[in-house]
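Novice: Chains A and B are the protein sequences, given in the same order.
Here the first sequence is numbered in numbering that gives the first Met the number 0, starting from 0 and rising by one per residue.
Here the second sequence is numbered in numbering that gives the first Met the number 0, starting from 0 and rising by one per residue.
To be clear, the hints were calculated from the coordinates, so they are not data collected in a lab.
Errors might be hidden in some of the hints.
Put simply, identical chains are the same to the list, so a pair is met inside one copy or across any two.
[As the list claims (entries may be wrong)] List time: in silico PhoX-like cross-link candidates among lysine-lysine, alpha-carbon distance up to 25 Å: (1) LYS103 / LYS418; (2) LYS202 / LYS118; (3) LYS415 / LYS344; (4) LYS103 / LYS415; (5) LYS344 / LYS213; (6) LYS392 / LYS418; (7) LYS58 / LYS35; (8) LYS5 / LYS344; (9) LYS385 / LYS162.
Protein chains: 2
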Amino acid sequence: MSEKIKRPRPRLPRGFRDVGGEDLVARYEMIDRIRKVYERYGFAPLQTPTVEFAEMLGKFIQETGLPEEGVFSFRGDQPEWLALRYDLTAPLSRYVAQHRELPKPFRRYQVGSAFRIEKPGPGRFREFVQFDIDTVGSARMAADAEICCILCDAFEELGLAGKFTVRVGNRRVLNGVLEAAGVDTEPGSGATTATRVMRCIDKFDRLGMEGIVKLLRQGRMDDSGDFTEGAGLTNAQANVVVEYLNAARKSRKDVCEALRGIAGESQEGNRGVRELVEIDEFLTAAGYDESRVVFDPTVVRGLTYYTGPVFEASLLQSDSGGQYSMSIAGGGRYDNLVERFTGQKVPATGASIGIDRLVDVLKVHGQLGQKSAAGPQVLVTQMDEKLANEYVKWTFELRRAGICAELYLGRGNIGKQLKYADQRGIPLALIAGEDELEHDAVSIKDLRRGKEVASKMAERSEWLKHEQSQQTVPRSEMAERIAGLLAGHSGL
Amino acid sequence: MSEKIKRPRPRLPRGFRDVGGEDLVARYEMIDRIRKVYERYGFAPLQTPTVEFAEMLGKFIQETGLPEEGVFSFRGDQPEWLALRYDLTAPLSRYVAQHRELPKPFRRYQVGSAFRIEKPGPGRFREFVQFDIDTVGSARMAADAEICCILCDAFEELGLAGKFTVRVGNRRVLNGVLEAAGVDTEPGSGATTATRVMRCIDKFDRLGMEGIVKLLRQGRMDDSGDFTEGAGLTNAQANVVVEYLNAARKSRKDVCEALRGIAGESQEGNRGVRELVEIDEFLTAAGYDESRVVFDPTVVRGLTYYTGPVFEASLLQSDSGGQYSMSIAGGGRYDNLVERFTGQKVPATGASIGIDRLVDVLKVHGQLGQKSAAGPQVLVTQMDEKLANEYVKWTFELRRAGICAELYLGRGNIGKQLKYADQRGIPLALIAGEDELEHDAVSIKDLRRGKEVASKMAERSEWLKHEQSQQTVPRSEMAERIAGLLAGHSGL
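Please construct the entire structure, taking both the sequences and the accompanying hints into account.
Specialist: So, in structure tokens, the structure goes:
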């Protein structure tokens, strides 16, 4: 018994998971389709390593010399701390700073895992796949507008036309409004009040206006009785923010108009509005109207590094007229990230699609998995050990004919073999014993039709009695007949 | 100046690298092609996480409670040690042990990064991509033979027909031979003599017979004067191993015959030979002769967990008659890995293709990269700020016509824009100013033809004088003419 204690129980660390079968096939298919959209826009792939120096990622506590919480960090055989990347943007900034010779604008896409030590939850994992697209070295609003177009094209390529909205906000407008209202917006060592305000607004979709107003002032108690401290705005200041949040309109031009009114004299605010106007002009020229891209002041994004336009792509709830149900992509302009390394301003903008969440969404919407039913189409059974080499020959013959065939490699009678086919979802089984071989024939069983529990019938004779969904065909017609059955011709 | 000191120098940890451009496109293409081969055989994809409990990977020192050297290990917010997987086989064993309900044989493929703290070198990285295929739950030699067939098909799918050989050895035969010669083969706490012998033989391709004989006995001094301690065999024992290594023959049947002679009375040795005979029968029935799969006693593979047949796929050196130049895949049977968790024997076999190395090889052989020239085909230049929206419209029109078009998003005169196109390898540029617009026309410049250093000519008028590889076409024919140029019709 002491031996038993030594055996490790097979399991995964909290927040990690295995993905297989249809979900993974769906993911591959999705990534392929998105890639084609990105390439059509002229983006080229890049792959940075999973591991970086912690210092490169920027989540680094200067005082202690230790990496921040929330990041998986460790040491290899070098003294410096290493870390698993927590997004694909920080490594991109490192890459661009390292390769100053790159022609600019530099436009790349990257798909890969990112890692965070966060509280896992439904749809929230500690390793998750992001698909990023960024334009580095362009300060033009055209670069931002194009990111919105790409997101639209990608979602439409995935069959989500009419089911999503790309929402655009601008940090500058909000910053300008807060500045004008006398709120502290200067970046310092800790979080500024402006940052706290942004984090409040980032919860708008979930909490609604009433909840946000509480959070902007003293704080808010949730249903479970937990109290979240507020941003500490005065009533007058909070009212300005409410006015800003209420600037949502149906037309992008109208939103710009409303925001211009709120921004008043603020230089920063007016610059933000002008940026939105430019984005609107690009989108209109490119043919992306408000049915796909809207301006929405409630979109601010939580991350501190955004400096201008911010994007959020949301799925529309199918059962309501226009509620946003789920964020499936986000991004924005970050003009300061490369500067960290080089001291030179390198403007940049981009977005990230959350692949895991999107796979879930597409499954619900039935947009994936039909065409991509990976897996074998025929199981070549092993009825008679003496005929093993014949079964091998047939299997390879079918494969050469482009049919996905699996030779049964376990041990067990025909019932067990058919049960295996059933469990694997293999539609056809090829069966042949001495009888068939003598007549230069093979039998094909359509498992989609016969739904008997074959495993209970160990004897072939007994099983044959119950069997109707089976036909015997000349050996020379084997591949052709199977191809026909798979193509949907009944033939039986 | 003190500010400068605080800026981190952008760089990567030792042994890690960025991959981009053509290499990455080649990798994607390669993975796609291999995937299709794997699926044709009935294998389904699986993706395990990058991070596992160190204990699950087996690289865990029980006495100290610490993970082994060579593995990147760390702690998250849980007390147990985590680690980056160092291969895809250990996670597969954990997965199969965790999901006992899986229909067996379980056949999966997985592609992904693995991580090792090793001395980096040319083509050797600390993060590398493996593409694995395994059959778990089948003790049949048919499963091993099929792995060899799959490797052949995969390499041929990559255009390497006639340039590779899959070599098969069997641990049992060597173990039997050593046993008969009185060499210690029992697994204990440290490396057995048999394990040391295998590690010697694993260097056969590099050191040749003479070097191996030295290593089998007392040891060997290399050219640099470094001494490697030997396995400590007696002369008589070493001679038996040499006889074994000399059993290579042109035909698989002849190798089996020769090995049977050497195995003598050894039960284990004879079982190994019988396994090879079964594999030969399968391969012959499936149509894989000695031009693709050979039996080679010098193939033993270094890893200790292999229990029977072992595989190594090598590329043939193009300039010699049959020297193996480089290992591009390897694998074998490992019947004990799942047992670690469950106490039950679960036979398994598989192989792993080293993707990074294969990309390098295929680049040398010119098998990749032609079809896959990713990257934009047309740069839509911005000659006149006032026409910005026109340029946007045209860009999207081209994309909708299936042409990969990039709108120039930087700032700079036409010379700078054309230089950018040149640096990015974009073949065509679309150019239009007020003149063209007035005549409802656009100009198309073929950058493949005009090789002048456009960047030096800042003025368009000057540049036009030098220019012959350019034509002006009606606006309505823009997409059509560009498609024609890209398809290779000169038209100019």
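Novice: Taking the hints in turn, state whether each one holds.
Specialist: Cross-check of the supplied hints:
no.: 1; hint: LYS103 / LYS418; result: between (59 Å within a copy, 11 Å between copies)
no.: 2; hint: LYS202 / LYS118; result: within (18 Å within a copy, 48 Å between copies)
no.: 3; hint: LYS415 / LYS344; result: between (67 Å within a copy, 20 Å between copies)
no.: 4; hint: LYS103 / LYS415; result: between (62 Å within a copy, 11 Å between copies)
no.: 5; hint: LYS344 / LYS213; result: neither (37 Å within a copy, 61 Å between copies)
no.: 6; hint: LYS392 / LYS418; result: within (23 Å within a copy, 58 Å between copies)
no.: 7; hint: LYS58 / LYS35; result: neither (33 Å within a copy, 40 Å between copies)
no.: 8; hint: LYS5 / LYS344; result: between (57 Å within a copy, 16 Å between copies)
no.: 9; hint: LYS385 / LYS162; result: neither (58 Å within a copy, 35 Å between copies)
Violated hints, listed in ascending order, are 5, 7, 9; each of the other numbered hints is respected by the structure.
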